[in-house]
Amino acid sequence: MAAVSGSSDGGSETRLVDRCIDAAARGPATVDAWRRQRRSLERLPGQLADALLQRLAARRLLSPSLLEVFRHSVEEIDLSGNIAVDAEWLAYLGSFRYLRVLKLADCKNVNNSAVWALSGMSTLKELVLSRCSRISDAGIKHIVSIDSLEKLHLSETGLTDNGVTLISALQNLDLLDLGGIHMTDKTLRSLQVLTRLEHLDIWGSEITNEGASVLKAFTRLSFLNVSWTHVTRLPPLPNLQHLNMSNCTIHSIRDGDSEVNVPLEKFTVCAASFGNIFEVFSSIQGSSLLYLDMSGCSLSNLHIFEKMKHIEHLDLSFSRITDAAIQHVANIGMNLRHLSLKNTGITSQAPCILAGTVPNLSSLSLAYTEIDDSALAYISMMPSLRVIDLSHTSIKGFTCVEVNSEKIPSMPPLEHLMYLESLNLEDTALSDEVIPPLASFRAIKYLYLKSDFLSDPALHALSSASNLTHLGFCGNILSDSGLLQFVPPAKLRVLDLSGCWILTGDAVSTFCKHHPVIEVTHELWQELQPNSGGTSQVHKSRQLPKAKTEAVNRQAGPSRLSGIFFVDERIKYSREELMELQHLTELNSVMHGVHLPPELWRMG
Numbered sequence: 001m002a003a004v005s006g007s008s009d010g011g012s013e014t015r016l017v018d019r020c021i022d023a024a025a026r027g028p029a030t031v032d033a034w035r036r037q038r039r040s041l042e043r044l045p046g047q048l049a050d051a052l053l054q055r056l057a058a059r060r061l062l063s064p065s066l067l068e069v070f071r072h073s074v075e076e077i078d079l080s081g082n083i084a085v086d087a088e089w090l091a092y093l094g095s096f097r098y099l100r101v102l103k104l105a106d107c108k109n110v111n112n113s114a115v116w117a118l119s120g121m122s123t124l125k126e127l128v129l130s131r132c133s134r135i136s137d138a139g140i141k142h143i144v145s146i147d148s149l150e151k152l153h154l155s156e157t158g159l160t161d162n163g164v165t166l167i168s169a170l171q172n173l174d175l176l177d178l179g180g181i182h183m184t185d186k187t188l189r190s191l192q193v194l195t196r197l198e199h200l201d202i203w204g205s206e207i208t209n210e211g212a213s214v215l216k217a218f219t220r221l222s223f224l225n226v227s228w229t230h231v232t233r234l235p236p237l238p239n240l241q242h243l244n245m246s247n248c249t250i251h252s253i254r255d256g257d258s259e260v261n262v263p264l265e266k267f268t269v270c271a272a273s274f275g276n277i278f279e280v281f282s283s284i285q286g287s288s289l290l291y292l293d294m295s296g297c298s299l300s301n302l303h304i305f306e307k308m309k310h311i312e313h314l315d316l317s318f319s320r321i322t323d324a325a326i327q328h329v330a331n332i333g334m335n336l337r338h339l340s341l342k343n344t345g346i347t348s349q350a351p352c353i354l355a356g357t358v359p360n361l362s363s364l365s366l367a368y369t370e371i372d373d374s375a376l377a378y379i380s381m382m383p384s385l386r387v388i389d390l391s392h393t394s395i396k397g398f399t400c401v402e403v404n405s406e407k408i409p410s411m412p413p414l415e416h417l418m419y420l421e422s423l424n425l426e427d428t429a430l431s432d433e434v435i436p437p438l439a440s441f442r443a444i445k446y447l448y449l450k451s452d453f454l455s456d457p458a459l460h461a462l463s464s465a466s467n468l469t470h471l472g473f474c475g476n477i478l479s480d481s482g483l484l485q486f487v488p489p490a491k492l493r494v495l496d497l498s499g500c501w502i503l504t505g506d507a508v509s510t511f512c513k514h515h516p517v518i519e520v521t522h523e524l525w526q527e528l529q530p531n532s533g534g535t536s537q538v539h540k541s542r543q544l545p546k547a548k549t550e551a552v553n554r555q556a557g558p559s560r561l562s563g564i565f566f567v568d569e570r571i572k573y574s575r576e577e578l579m580e581l582q583h584l585t586e587l588n589s590v591m592h593g594v595h596l597p598p599e600l601w602r603m604g
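Note that full-length UniProt numbering has the sequence shown beginning at 1, numbered continuously upward.
One should not assume that every hint holds.
[What the hints assert, rightly or not] Below are the DSS-like pairs computed for lysine-lysine, each with C-alpha atoms no more than 30 Å apart in a straight line:
hint: 1; residue 1: Lys125; residue 2: Lys186
hint: 2; residue 1: Lys186; residue 2: Lys216
hint: 3; residue 1: Lys266; residue 2: Lys151
[To be verified] For each label pair, taking beta carbons as the anchor points, the in silico distance ranges come out as:
hint: 4; residue 1: Ser133; residue 2: Cys20; range: 33 to 41 Å
hint: 5; residue 1: Asp18; residue 2: Ser119; range: 30 to 38 Å
hint: 6; residue 1: Glu42; residue 2: Pro359; range: 52 to 60 Å
hint: 7; residue 1: Gln327; residue 2: Pro45; range: 55 to 63 Å
hint: 8; residue 1: Arg442; residue 2: Ala355; range: 17 to 25 Å
Please keep in mind that the hints were generated in silico from the structure rather than gathered at the bench. Computed from a predicted structure; not experimentally measured. For glycine and all other residues, C-beta sits at the position ideal for the given N, C-alpha and C.
Construct all of the structure, not just a fragment, from the sequences and the given hints.
This is the structure:
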């Protein structure tokens with residue numbers, strides 16, 4: 001147990017335990033060898049049993065019959081997204097003596113009859129059935145027999161008002177997630193008996209202001225999500241800390257005669273509109289607010305921030321703010337750690353205003369804005385930055401004082417950012433000659449490059465990036481010989497070459513054989529490995545967690561990118577030109593040394 005609960009990350013005991021678990025879950029033969037030792041497994045500490053079972057599930061080595069081996073030891077099970085889970089699995093899980101947490105989100109084969117096996121479990125504290133679409137009112141009749149439940153997740157299931165009403169029998173609930181269920185005001189009133197509730201999620205429901213008035217009965221409520229509802233006013237909720245009213249029209253979050261400000265720590269109002277925005281924000285304790293997400297809101301000025309000096313996370317992406325409003329952000333910048341100005345109307349003047357006012361800022365997104373290379377000098381004056389997103393901007397990697405004057409590299413100032421770990425420069429106008437300075441960034445681990453003007457020399461320049469672990473080099477003009485001559489940095493573990501359409505399958509395969517520790521992503525390599533499930537780590541590191549992604553989708557509504565389509569660029573060239581590109585073998589260190597057809601020199 002000490003090995004599991006040890007506080008030192010990477011300690012020898014923790015590594016030893018992890019290696020033992022990894023060895024036990026190596027394959028079917030290994031599992032068969034130890035599964036017969038039932039008495040030993042029954043004495044396995046809960047944390048170790050949980051870890052072993054999760055490793056088996058991740059490697060698809062878990063089966064209903066194998067579950068029985070763990071029924072006297074496992075305390076937490078997460079089988080989310082496993083489409084194999086059905087009534088047979090739950091029949092075994094229902095007999096687990098010490099099971100406290102069971103997560104079955106997105107298990108499409110879990111239905112009403114399957115959850116019957118969980119009826120009456122005496123130790124179960126948390127049950128997750130989110131997005132199990134085959135769970136309806138009939139299934140809830142089995143679930144309400146689990147008196148010990150404290151947390152119940154039923155978002156996007158097939159429940160109706162009748163089924164939700166039955167939940168009132170679970171008097172010990174402190175968390176209830178009913179997101180995406182079209183419950184009405186009358187049904188919400190039936191839940192007033194759940195006086196222990198601290199977390200209530202009812203996004204996408206049919207609740208109105210009339211129904212919201214009963215929320216004052218939940219005196220312990222600290223988390224409330226009423227996004228995508230008809231609620232415009234909330235009653236006073238003195239203990240509320242997290243509030244989500246995205247896609248709502250907000251008039252008041254403290255309706256009535258109460259003069260006590262709401263102690264919100266996290267306020268999410270994506271794509272919301274306001275009756276009187278100053279009245280809404282004046283109802284919040286200025287000293288308590290740490291997290292504010294106003295992405296997609298129509299904002300003309302930011303005077304509302306004046307008293308919110310403690311904000312650490314501020315998201316203003318997809319809003320209409322311009323450089324004129326950035327001074328209000330600078331005024332509250334002392335404690336800012338995460339700032340997103342993505343897809344706003346700012347220019348390079350914004351980083352100039354922020355420079356020197358955000359000493360603790362660790363994450364900055366300026367993607368899809370009009371900033372250019374002149375902004376980089378000001379960004380380099382934000383000393384705590386760890387993550388920078390400059391994708392889809394006018395960055396070129398150099399500045400020119402006058403037309404036709406000498407190009408001055410713009411990247412070197414970023415080298416002064418001692419903690420910079422992640423830099424995204426995708427879909428910019430970078431060229432090969434501006435890449436070498438990036439290799440000298442001491443802390444850089446994640447680097448994403450995509451440009452019409454990057455080719456083999458750009459990739460080769462990164463060989464000396466000593467700490468680089470994830471490299472995205474998507475959609476660039478990379479040849480077979482360029483890839484095979486690339487000497488990867490010693491710590492590189494993920495190389496994303498998606499969209500590098502000149503490469504052949506043979507070259508990618510050869511590179512992978514020479515560098516087996518590197519996970520390579522490319523369309524041709526994936527075709528050669530039809531059974532290689534999973535997603536590239538370079539993509540995983542840039543994807544939101546599933547719950548967050550779904551929340552963003554709910555808040556943003558119909559996708560702004562729905563009209564975008566992609567074209568295979570190879571159709572622009574003749575067969576002879578493509579063959580010439582694939583068999584380039586001698587490359588110079590600058591772009592003009594590569595004999596490319598004129599069509600590749602795309603300047604806009």
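Hint check:
{"no.": "1", "hint": "Lys125 <-> Lys186", "result": "27 Å, holds"}
{"no.": "2", "hint": "Lys186 <-> Lys216", "result": "15 Å, holds"}
{"no.": "3", "hint": "Lys266 <-> Lys151", "result": "21 Å, holds"}
{"no.": "4", "hint": "Ser133 <-> Cys20: 33 to 41 Å", "result": "39 Å, holds"}
{"no.": "5", "hint": "Asp18 <-> Ser119: 30 to 38 Å", "result": "36 Å, holds"}
{"no.": "6", "hint": "Glu42 <-> Pro359: 52 to 60 Å", "result": "55 Å, holds"}
{"no.": "7", "hint": "Gln327 <-> Pro45: 55 to 63 Å", "result": "56 Å, holds"}
{"no.": "8", "hint": "Arg442 <-> Ala355: 17 to 25 Å", "result": "21 Å, holds"}
In terms of the numbered hints stated before, the structure departs from none.
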